[in-house]
Amino acid sequence: MPYSTDQYEGLMAETVRFTGHQGDAVHGYLARPLGAGPAPGIVLIHHAPGWDTWYKELTLKFARRGYAAICPNLYDRVGHGAPQDVAAMVRNAGGVLDDQVVDDVAGAMQYLRDLPYSSGKIAVAGTCSGGRHAYLVACRRTGVDAVIDFWGGGVVMRPEDLTEKRPVAPIQYTDALTAPLLGIFGNDDRNPSPEQVDQHEAVLKAAGKDYEFHRYDGAGHGFFYHDRPAYRQEQASDAWRKVWAFLDKHLV
Amino acid sequence: MCTYVVEKTPIAGCGSGAEGWFDLKEANVSYDHPFNAPYEHALNIDFTNEAEGPGARVAVELSADSARALVAAILEALERGEEAERREMAG
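Same order as they appear, the protein sequences are chains A and B. Numbering follows the working numbering, with no gaps: position 172 of the first sequence is 172. Numbering follows the working numbering, with no gaps: position 29 of the second sequence is 29.
Careful: at least some of the hints might be erroneous.
With the C-beta cut set under 7 Å, the calculated list includes, among others, these residues of chain A facing chain B [said to hold, decoys possible]:
hint: 1; residue: Pro49
hint: 2; residue: Gly79
hint: 3; residue: Asp85
hint: 4; residue: Val86
hint: 5; residue: Arg91
hint: 6; residue: Gly94
hint: 7; residue: Ser129
hint: 8; residue: Pro180
Don't read these hints as lab results, they were simulated from the structure. For clarity, every value in this text was computed on a predicted model and none was experimentally measured. C-beta: ideal position from N, C-alpha, C; glycine also.
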C-alpha cells in the first residue's frame, strides 16, 4: 500500500551481533519497521570504504520501505575505531578474504531468517566491492531470494588479478546462481567497464539466468553516493525505482 | 572500482594523530577510493603504527598530480638538506 501522511511509521535500529565465518561474533547494524511483520529481509554488503555512515543510512532507508535490513561489519576483525581508520587498515592489508565475506553474509542471512517477524524471504545487495560480494554470495550459498549488484567491480577478473584473498572470479560461479539478479551500472565506470558488463551479461544469458541489467549514460562508479561528486541525481532516481520494483516482485 | 593497489614500506619517525604524537612504523601507499577527497581514486598515504590499532594513523588523500609533485618536493628537500649537512660537516 502506498504511503500516506496520516499513517503511523516506526522504526527500530540497533547494533547486533551474529555468528559469521568460523563461528566469530560479528557486528551488524539492524534496522526494521516496528510491528509484528512479516518483513522480508535484506543483507546490505558495504563497500570498500567500510561500515560507514552512508551504509547505516542505507540500512534505515530499506527499513522505511518495510524490510528488516542488516549491514554486517565485514571489517570487524581488524579492530575498532573510526570507520575510516578501520577501513584504511583493511585497504592496507589488501582487502578481506572472499570466503570470510561469504560466511559472514550467510550468517547475517541466517540472523534475519531467525527473527520472529521474518517473512523468510531474503535478498542480498551491495555496492562496489559489496556488489561483487553480493553476486558471490548468491552463487555460493542457498536461500538467496534476490540479489542486487550495484556496479560491482571484479565480477569479471583477469587471471593476473586473482589473489589469495580473491582466488576465483565470481563470474566463474554463474552456473550455480539461482536467485534473480538486478544489476545497476554506470556506462562511464572503468571497473566494471561496459565491456565487462557485456561479458557478464553474455554469460548470464548463455546460462539462462533470470537477470535484468540497467546501464546509465552519464554516470560512473558510485553514482548513488549523494555525498560524493560521483552522484548523478537523474540516473540514481531512476535506478532506485528499478530497485523497489525488483524487490517488490521477488521479495514482497 | 576497488583497485586494491597498495605498497607498504617500513618507516621510522613520528606522526601527529588525533591523540597526539606517536611512533610511525609503516607507510601504506595506495591508489584506490579515497574516503574524503573528491576523486574516484586518489593516491592515499596512511602513516601508521598498526600494532597500536586503527586509530594510530595519519592520512592524506592526494590527486595523482599532487602526489607526483610531493614526491619531487621530498626528493628535492632531501637533496638540498643533505647537501647542506655535508657542507656544514666539511666546515
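Consistency of the hints with the structure:
1. Checking A/Pro49 against chain B by beta carbon gives a least distance of about 6 Å; that is within 7 Å, so the hint holds.
2. With a cut of 7 Å, the hint placing A/Gly79 at the interface with chain B holds, because the nearest CB-to-CB distance is about 5 Å.
3. Taking 7 Å as the C-beta cut-off, the interface hint given for A/Asp85 holds, the closest approach to chain B being about 4 Å.
4. Taking 7 Å as the C-beta cut-off, the interface hint given for A/Val86 holds, the closest approach to chain B being about 5 Å.
5. The beta carbon of A/Arg91 comes within 6 Å of a beta carbon in chain B, closer than 7 Å, and the hint placing it at the interface holds.
6. Against a cut-off of 7 Å between C-beta atoms, the interface hint on A/Gly94 holds, since the closest Cβ of chain B lies about 6 Å away.
7. A hinted interface residue such as A/Ser129 counts as satisfied when its beta carbon comes closer than 7 Å to some beta carbon of chain B; here the least separation is about 5 Å, so the hint holds.
8. Here the hint on A/Pro180 is broken, as its CB sits about 25 Å from the closest CB of chain B, past 7 Å.
Going down the numbered hints, you'll see the structure goes against just number 8.
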